[in-house]
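Protein sequences, first through last, are from chains F and S. Residue numbers for the first sequence, in this note's numbering: 1 to 496. Residue numbers for the second sequence, in this note's numbering: 1 to 866.
FYI, nobody ran anything at the bench for these hints, they're computed from the structure. All C-beta atoms in this analysis are idealised placements derived from N, C-alpha and C, irrespective of residue type, glycine included. A couple of the hints might just be wrong.
Unchecked claim - Between beta-carbon pairs, the in silico distance windows are:
| # | chain 1 | residue 1 | chain 2 | residue 2 | range |
| --- | --- | --- | --- | --- | --- |
| 1 | F | D196 | S | R373 | 54 to 60 Å |
| 2 | F | R380 | S | F358 | 31 to 37 Å |
| 3 | S | A680 | F | S475 | 51 to 57 Å |
| 4 | F | R355 | S | A95 | 57 to 63 Å |
| 5 | F | F370 | S | I306 | 51 to 57 Å |
| 6 | F | R457 | S | G259 | 52 to 58 Å |
| 7 | F | S141 | S | H517 | 48 to 54 Å |
| 8 | S | H517 | F | Q27 | 56 to 62 Å |
| 9 | S | S300 | F | R380 | 56 to 62 Å |
| 10 | S | V689 | F | F370 | 39 to 45 Å |
| 11 | F | F370 | S | Q99 | 27 to 33 Å |
To be verified - A few chain S residues that don't get close to chain F, going by computed Cβ distances all over 10 Å:
| # | residue |
| --- | --- |
| 12 | S59 |
| 13 | L148 |
| 14 | L775 |
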Amino acid sequence: MLLTITTTRPPATDLGFLLHKHPDRVQSFGVSAGTAHVFYPEASADRCTAALLLEVDPVALVRGPGEGITNYVNDRPYAASSLFAVALKDVFRTALTGRCEALPALAATAIPLEIRVPALRCTGGAELAGRVFGPLGWTVSAAAVPLEPASWGDSAYVDLRLTGVVRLADALNHLYVLLPVLDDAKHYWVSTDEVDKLVRAGAGWLAGHPEKGLISSRYLAHRRQLTTAALARLAEADDIDPADLDNAVPEEEASADEAPSPDETSPDETSPDEAPTAGEAELAPAEPERALPLAGLRRAAVLGVLRESGARSVGDFGCGDGALTAALVREATFARVVATDVSARALQQTARRLRLDRMPEASRARLELFQSSLTYRDDRLGGLDAAVLMEVIEHVDPDRVGALERAVFGFAAPGTVVVTTPNREHNAEYGMPEGALRHRDHRFEWDRAEFRDWATRVAGAHGYAVRFAGVGAESAAGAPTQLAVFTRLERPGAAA
Amino acid sequence: MTAGGVTRELGIPELSLVVLVGVSGAGKSTFARAHFKPTEVISSDFCRGVVADDENDQSASADAFDVLHYIAGKRLAAGRLTVVDATNVQPEARAPLVQLAREHDVLPVAIVFDLPASVCVTRNAARPDRDFGSHVIRRQRSQLRASLRNLSREGFRAVHVLRSEAEVASAVITRTRLYNDLRHESGPFDVIGDVHGCRAELESLLASLGYVLSADPAGRPVHAAHPAGRRAVFLGDLVDRGPDTPGVLRLVMGMVAAGTALCVAGNHEDKLLRALRGRNVTVSHGLAESLSQLSAEPESFRAAVIEFLDGLVSHYVLDGGLLVVAHAGLSQRLQGRASGRVRSFCLYGQTTGETDEFGLPVRYPWAEDYRGRAMVLYGHTPVPAAEWVNNTMCLDTGCVFGGSLTALRYPERAVASVPAGRVYYEPARPFAVAAAAAVAAAAPAAPAAVVARREPDVLDIRDVTGPRVIETGYVPRVSIREANAAAALEVMSRFAIDPRWLLYLPPTMSPVATADHDGLLEHPDEAFSAYRADGVRQVVCEEKHMGSRAVVLVCRAPADAVSRFGVPGGGAVWTRTGRPFFGGALMAALLDRTRDAVAAAGLFDELGSPWLLLDAELMPWSAKAGQLLRDQYAAVGAAARAALPAAVSALATAAARGLDVAALADRTRGRLANADAFGAAYQRYCWPVAGLDGVRLAPFAVLASEGAAHAGRPHAWHLSVAARLASADPELFAPTRHVFADTADAASCAAATAWWRELTEAGGEGMVVKPADGLARGQQGIVQPGLKVRGREYLRIIYGPDYTDAANLARLRSRAVGRKRSLALREYALGLEALDRVARGEPLWRVHECVFGVLALESEPVDPRL
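Turn these sequences into a full structure, and let the hints guide you.
Have a look at this one:
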């Protein structure tokens, strides 16, 4: 991976003083990822270019102590990333601080600079490079690099060129912080404390940056992103991105007390309690549900139904990140709460949200949290007064919904079943294109008629009565969320 | 033995809870030691010691008895005779033990030590740890005396009282087999469903099964025997409703008496017996017919009937425990046990306590939960046609209602039936005679090729989760760790196809040991030497197609799919982790083409199977892995081609200035060349497809067909089948190029190596070397089913563009293949076991257990580059 920095301010070779690297020498430095070389392809009074070339050792990268999923086939040897940022800091440590004993005035002066990063992964589109570097005084050119074969279109990489009149130390700090931001890869490759340093380097200019929210959240979102290892191996066995397999719940935002960053970089997010659940994590395209407190309305509607049913024992089947579970545990009338999910990550998040290890004994005794699957019969789910499938059924393949029906309505057979699911007709209200689904993992979304047909058939087949309601603002297209309440009928001859 | 030489024989059922009753010092523990295994005896003293460090600490008694009851419960649940050594002189001490026996459906037996108080007082005085006074002994003894006459009423099925030291000394325990225990009878049997007085149909069914009937002087059949010694087993409900209950009884009673038949009781026999004994019963459900027909018989016949009915046992366990027969079926937990609950289940079945719209009890579908090892055959509830449900089958096909009379031949598992002459009795609930039953009835003696199965559409989570050990015929015990099962549960539940299709998942495959020459990481020599060491001489080298693994289940017709697998649709195509291949329409099109080719090649007929399971590779790689290719492989290529030329150019400029960057420039140019080679490598396996256009399927093994797993067939056969498919539809099916080699012949190995070089230099992924005979066993069990030898250029996709640099290669050679080998073998064994279970017609949960196990093992940590 390569970075070149050029100045045309005569005498241009003063760049060597600012960088603390002599223009006529070729220097090499051992850094954690491999070897960094600094040399000057050009060094005249009019124009001087310094090049930083990082030779990554691809074998050591995989075999090193790094955690998480590693792969011999990766872009780290070629593209600028957090790994490169760390090397940049190691090699130009003093220059980054802006200290230059030889030419202190020059170090404090904005000078004309041209910077080129020929391979930078720019997640979110080339224009994002303009959005993050532009406000800092740079003229930005980001040309997309094509994939091979060419019929596959452009890659996510750009050939980045920045021109501007900027103090050199500021320029280096911009690169140090923003190259990994644009790359937006999970920071498998660098240690956690390095990530913390990256964040701190923004002090002084990040606070006023219009993209401050994006910049800080991209760091924090990926700090601890470790896909469950066993699942990752299954993904790998089947040529799938692990993230596509381990997507039952959205990635966790780092909570405020974990973030090491100064105030100005703390996530400008809702509290964890209001974090979106699986249903709305990837709402496309304008995240409409984020704007409405739909998740909260939905929970309130479900809780209302449960209270009204008089249920004492309640199941939260497919509990996701545990937002509903937490609400159920808060209400002492629910003497027994059975929360299940098939995703190990969801169970972890629920346990963390509920602070399971610190829960008072009386509450803890009311809660059972374990892995289960709604396409298998599980006797542990039997005998409940009520059960909730909140934004769950649309995550099941259509030809497996029959198994879910049998497992839930046939075998578990709670007295009351509450099912919520998106109303597809409402998607147009969010400006979503025809046929788009609200979440990548949704296998289908029903319109109101489809939901009614399904629910009515299931109720009839398993001896339930069913009624319907909507959650959220009603429009001609109905409410955004549809809700069905199934009530088990006493069958003729059944023992009272 | 005693001085007098008289022994006192105490009969104890083999599976029972033996409660010793006697005062302290009566000699219970000594007696227990003499007559039972130490592990069979649980004493309250021992339990007191366990919980309180003091066997005589009476304050610990409550906890001690908790422990005692817990241990006894575990033993009884496991079917082990258990002896409780405590005083048990008070009814409140015995009641929980009787209750425990009932909970586990075993018989409670009491052995009472009714010895003179003086004997016990003397014995206790001799024991320093027993410091309680003689008043305690006297109190216990009076409690015991008061109990004696109540023991039977308390529920003890046998009570043995020993009244003197001499009697105690002369006692001998005899363990008796339960009436239902006929495990020593191994058949062959013909198990016959509910007859209900349909004598004519019974006679013709027996005749069609090969039995020779004989008649009494009046011409009435009174006996039947099979020349090959087969025996009939009647599932009860011989009587009521039908035209000739006495005739049926006469024949069956004759057969049972002569030992050519066994018979269990049905609910109708139970009620008829009570009616014949003059009890007050409601005469309904066809009882009136029996009573009126029997009233025409002589008193002696009625007496014989009463005796016969009275002697009927409610169920039998046969053939070493592999076969259970009971009128209404029997869940696994109750098999071979004896209690009121067992009898009630056998006679009436389990009901939910509800009734349906016809006023009939709603039956609990116990068979759908059934997980037992024994096949269970039963009747009681008329079904349109006999079908397998979890290794159970209901053989009541409603003969008296105009259906048919059905038998299952055991161990052949073949169904035979004869149609009813007419409707003899109108059922309370409408009875549908299925087309299948009618067809079967048309050819009574010919067993249907494929007996229908009804698999529950929902399997039990306990079939797959938790730590498990799966017995296979190849690796004795394959362990699945709980965490891996949890990962598999997530993937199976969220992404996999219906388990009724998912008969198999392919095992992972190990590469050869690492080569150390020719700049290669993998070389054919290592494969040949590995098999040579395993004693395998003939191997086949098969071209390794680079695409995505696809398992294809194709059915001849949708009806075959419904009948065999219980799922609509003509089959399925799935990936290594059980995900459906392509969307619905494309998968259907692929299946249609496959079906046509299989039919055109004549394979359905040749294999005598309406379905086929194929192991294949689907190409191009980009068809399924397009996203991964774009996001990872092509992306890396793009980054390299953007960065490296810029770096090469910067270095050239610097060199022109006279800077010494020669070595760095050389390395960078080398990296650029490697990156180009990498780009070429992945692009070989990508080409555009539109629908099925451009898609190629390379089958390389026929995994299974009805009744057969084909792992034992030589690869030449599998490859010939693949070749026939390729000639039937050359556009879709790709043949698999291959050569055979002799691992002991250097020239042969060299020729195969040259073939591999040519293949890989032309861009091929590599080859897989397999024992030519298919499944091979060596000194240490089964050998690797295949070893992959991948080409130099292909491995750039695995180890990265620069892996061929000498320094990198040297480090990569330290890879260890041991774990991968072990994993490959365990997954292979599970896969074969799954196919064997399919071939044996075992229930779905047994198949799914293995398939799920393969997925769970796939999540074990192993270097994924291997």
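For each hint, the structure was consulted:
1. F/D196 - S/R373: 54 to 60 Å: holds (59 Å)
2. F/R380 - S/F358: 31 to 37 Å: holds (34 Å)
3. S/A680 - F/S475: 51 to 57 Å: holds (55 Å)
4. F/R355 - S/A95: 57 to 63 Å: At roughly 46 Å between Cβ atoms, S/A95 and F/R355 fall outside 57 to 63 Å, so the hint is violated.
5. F/F370 - S/I306: 51 to 57 Å: holds (55 Å)
6. F/R457 - S/G259: 52 to 58 Å: holds (54 Å)
7. F/S141 - S/H517: 48 to 54 Å: holds (50 Å)
8. S/H517 - F/Q27: 56 to 62 Å: violated (38 Å)
9. S/S300 - F/R380: 56 to 62 Å: holds (58 Å)
10. S/V689 - F/F370: 39 to 45 Å: The hinted range 39 to 45 Å holds for S/V689 and F/F370, with Cβ atoms some 43 Å apart.
11. F/F370 - S/Q99: 27 to 33 Å: holds (31 Å)
12. S59: holds (28 Å)
13. L148: holds (40 Å)
14. L775: holds (23 Å)
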